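Colleague: Top line first, the protein sequences correspond to chains A and B. Just so we're aligned: the first sequence equals residues 1 to 439 in this note's numbering. Just so we're aligned: the second sequence equals residues 1001 to 1490 in this note's numbering.
Since the hints were derived computationally from the structure, they do not count as laboratory data. Every value quoted in this text rests on a predicted model; they were computed, and no experiment measured them. Hints may contain errors.
[Unchecked claim] Below, a list of computed lysine-lysine pairs in the PhoX-like style, where the Cα atoms sit at most 25 Å apart:
1. K1150/B <-> K1238/B
2. K1176/B <-> K58/A
3. K67/A <-> K24/A
4. K1047/B <-> K404/A
5. K1047/B <-> K1175/B
6. K174/A <-> K260/A
7. K287/A <-> K1434/B
8. K1305/B <-> K1355/B
9. K1238/B <-> K1034/B
10. K1238/B <-> K1390/B
11. K1434/B <-> K343/A
12. K1355/B <-> K1389/B
13. K58/A <-> K1355/B
14. K58/A <-> K1390/B
15. K1305/B <-> K1176/B
16. K1434/B <-> K1479/B
17. K1355/B <-> K1463/B
18. K1080/B <-> K1274/B
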Amino acid sequence: MNASMPIRHTQAESDLFDRFEAAKPDLAGSVAVSALREAAVNQIRDRGLPHRRVEEYKYSDLRAFMKSAAQLVSKAEVTNAKDLLAAENLFGDLERHKLVIANGSFVAELSDIEALAAEGVTVTDLNDALAGEHGSQLLASPKTGPCDGVVALNTAFVQGGVVIEVADGAKVSKPVELIHVATSSGAQVTRNKVRVGADGSLRLLETFIGETGEGELNAVFDYDVADKAFLATTRLIVGSNDAARLLTTIATIGAEAEFKSLGFMAGPRFARNQQFINFTGENSEAKIYGVTMAGGSDLADQTLIVDHAVPHCNSREFFKTVLDGNAKGVYQGRINVAQHAQKTDGEMMTQALLLSEDAEMANKPELEIFADDVLCAHGATSGQIDEDLLFYLRARGIPEDEAKTLLVLAFLSEAIEEYGEDDVTEGLEARVRDWLASH
Amino acid sequence: MPAVQETIDQVKAIDVDQYKYGFVTDIESEKGAKGLSEETIRFLSAKKNEPEWMTEWRLDALRRFQQMDEPDWARVSYPKIDFDDLYYWAAPKSVEGPKSLDEVDPELLATYEKLGIPLAEQEILAGVEPKNRVAVDAVFDSVSVVTTFKEELKKAGVIFCSISEALREYPDLVKKYLGSVVPVTDNYYATLNSAVFSDGSFVYIPEGVRCPMELSTYFRINEQNTGQFERTLIIAEKGSYVSYLEGCTAPQRDENQLHAAVVELVALDDAEIKYSTVQNWFPGDKDGKGGIYNFVTKRGDCRGKNSKISWTQVETGSAITWKYPSCILRGENSRGEFYSIAVSNGYQQVDSGTKMIHLGKNSSSRIISKGISAGRSQNTYRGLVSAHKKASNARNFTQCDSLLIGQDCGAHTVPYIESKNASAQFEHEATTSKISDDQMFYCLQRGLSEEEAVALIVNGFVKDVIQQLPMEFAVEAQKLISISLEGSVG
């Protein structure tokens, strides 16, 4: 494709340009922020939405999927948000702090700001930060590569979000649940910045509830894990939404730090969870897990790039996918090792289980290595349930359905258990069972 | 103390640009006009007395080529090739169809002898059957100069000749199969090849015949400013078997030379084709100057039930390698195999791998790829394994390992694994590492020099693939690997 050749825009793209013109006066931010937004829209104007000819979107053609683009969702009524929160409690009675983003904007009155402040955590509305002197730095994210279409879409339309700062040395006792609530339909676009100070520790739960109707959900999470800090994020992308769910992680990891994440997907019609993990300090570790379930005609895409730019870091990527119906699963993972990043240890595994004749899986585990003293490996498997295992269980009097459930649960639990955030394990396994019961 | 001759020789031998086959044969040759145009093609086609349909086929390919863009997805970088600055036809002058070896220019024979390729047919001594007889087709620049053991092969019903000869003698067979595996517009370089291919080998194994000896083609680029575009077509009829070897070298020159070949294999029911390559084109000197650009399309079509195609390749040469020998597993129970060793040193860039496309039920495939990068080279494995809807019980096992020697090289793995059938079972594993200090220490402690130790460990690393090579090639390949890696330690 020649970039200088003007492309013919799709309906969705034209809708997006209209949306931008309509929303522009209300979108927050300094002059510099507005310039970034303009640049992002122009990128979409030049290149269109990401499509299958763009290597990173080879299997997830967003341009073909998005037939139209709805307007940005309007502000939520707090009472409506409150009702929804009460109705859809994804982590049951797990003790946690809550932060609420309703229809794309941070809602302080539904969030546990004071309790968090007592633990050394400062929470700010993103829009306040965007209007400030350094606002544009929040949207400039060179680590993703400026070309990613989903991030550009986010930059253009960011409605709001939250900035979470964990003070140096603060170890937050309870997990923090960052909940995105949609009370009415329309596109929801947020950006969230999380910084864990040196020697600090935070466990984050990211959930999305309510229907966005025709509008896409686009959320970017920008994590900054300082030296010796710890951050674990559990992301739940569940529920049957018809519009695209586009989630992006950008993580910057300092020295001797640890970053863990689990992307759990079940249900959306078109979901992409993309992660850009960057090591900037030595002796750090990143463990990235993925659990994907897709049925019907869903498309579930887990994409990640782990960039080992410094020596002596370890990364582990472990992804499990279960597919049913006509669903399509995508895993694209790449480990980059820079020339001076000696002693890197990278280990990537992706496994898929196909439960139906018409399901499809595309695995693309890549290694890109410029240093010689490294240990990197990747593995990929795909297949159906092992008949022998099934027979073994059935021979012991377990009915076929139940035996299958057991085997699928065991298959997916491997990743959940290795992730090792015990207080969420049970809840996640219950979600796997729910999904299996409905498929 | 002045260095003794032995030391000097030894030092010379480990130089990275110590390319054994870098000599030029001073032989009178005839070239066509420079440049890519309809005239060039008409000239080429006329020169070879081709039938009218063939000329049209070529012209059609040229027209399509002119509409295409050069692909840029591979991890290789090189200055743009000026296709109008190339000769598309070069031939040793004296080859107006030699009737026997005696008529071949002695210079040419000497060249092949230098390369270690005996073209003279060995006499069968009374009572002594020579063990490993190989029939050779030697291609020099654009033409095939000689094919040995023709008569004996004919007795078995095997056709082994140059493709130009096949076009004259067996036009129906060629017409039926040419372009049926690699269509004219398959990719940029294949289209170019379709337009300008000069010569290559043609093999036809009739039903039920097991080819009595190994067939081999030896490619040599000699002339300056020429591209070599050969085309190989192998057809194995029902229940037949053939093992085919291919070797390549080129002189050491400062400019880059282009080699864009197309190889098509067709295996019908129960047939088996084993295709082995030792590619040792000039890789460029130690500063990355010169060397062959090797853009090759190789594809096998397992058309029949229980058919099998196996690719084995040892890649040590070329400045740029762009090559993905593939199998289309169309037949039920068909099997595809790919064994590859790609060694890169100096400034070489290798982007190679395979495609296993499972279309038929119970088709199976196996990929073993070993990449070794040293010096400042970049070595990429790029592969596709896919199972289509109807490929029930397809099986694939892939293993690709990379070894890095030195800190200025890179090793990359880009596999695509696409499954559209639940019962297809795919396994893929890849590792990248360097030679471990423990292994080195162990070898050094036993009195091996550092280079010997590396050679030993590397040979162990590539053993799985070497085992798949026919005897003659296995020895050559092992030597080649140690030569290619010389100078990479320390």
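Colleague: Hint by hint, say whether it matches the structure.
Modeller: Tested hints:
1. K1150/B <-> K1238/B: Distance ~22 Å between K1150/B and K1238/B Cα, so the pair holds.
2. K1176/B <-> K58/A: violated, 35 Å
3. K67/A <-> K24/A: Roughly 23 Å between the alpha carbons, so the hint for K67/A and K24/A holds.
4. K1047/B <-> K404/A: With Cα atoms ~68 Å apart, K1047/B and K404/A exceed 25 Å; violated.
5. K1047/B <-> K1175/B: At roughly 19 Å apart (the allowed maximum being 25 Å), K1175/B and K1047/B satisfy the hint.
6. K174/A <-> K260/A: holds, 16 Å
7. K287/A <-> K1434/B: holds, 24 Å
8. K1305/B <-> K1355/B: holds, 19 Å
9. K1238/B <-> K1034/B: Given pair K1238/B, K1034/B is violated - Cα atoms ~43 Å apart, limit 25 Å.
10. K1238/B <-> K1390/B: holds, 23 Å
11. K1434/B <-> K343/A: Satisfied, since the Cα-Cα distance of roughly 10 Å is no more than 25 Å.
12. K1355/B <-> K1389/B: holds, 17 Å
13. K58/A <-> K1355/B: holds, 17 Å
14. K58/A <-> K1390/B: Judged against 25 Å, a Cα distance of about 23 Å means the pair holds.
15. K1305/B <-> K1176/B: holds, 20 Å
16. K1434/B <-> K1479/B: holds, 21 Å
17. K1355/B <-> K1463/B: Cα-Cα ~22 Å, so holds.
18. K1080/B <-> K1274/B: violated, 35 Å
The structure fails hints 2, 4, 9 and 18 (numbered hints given earlier, in ascending order).
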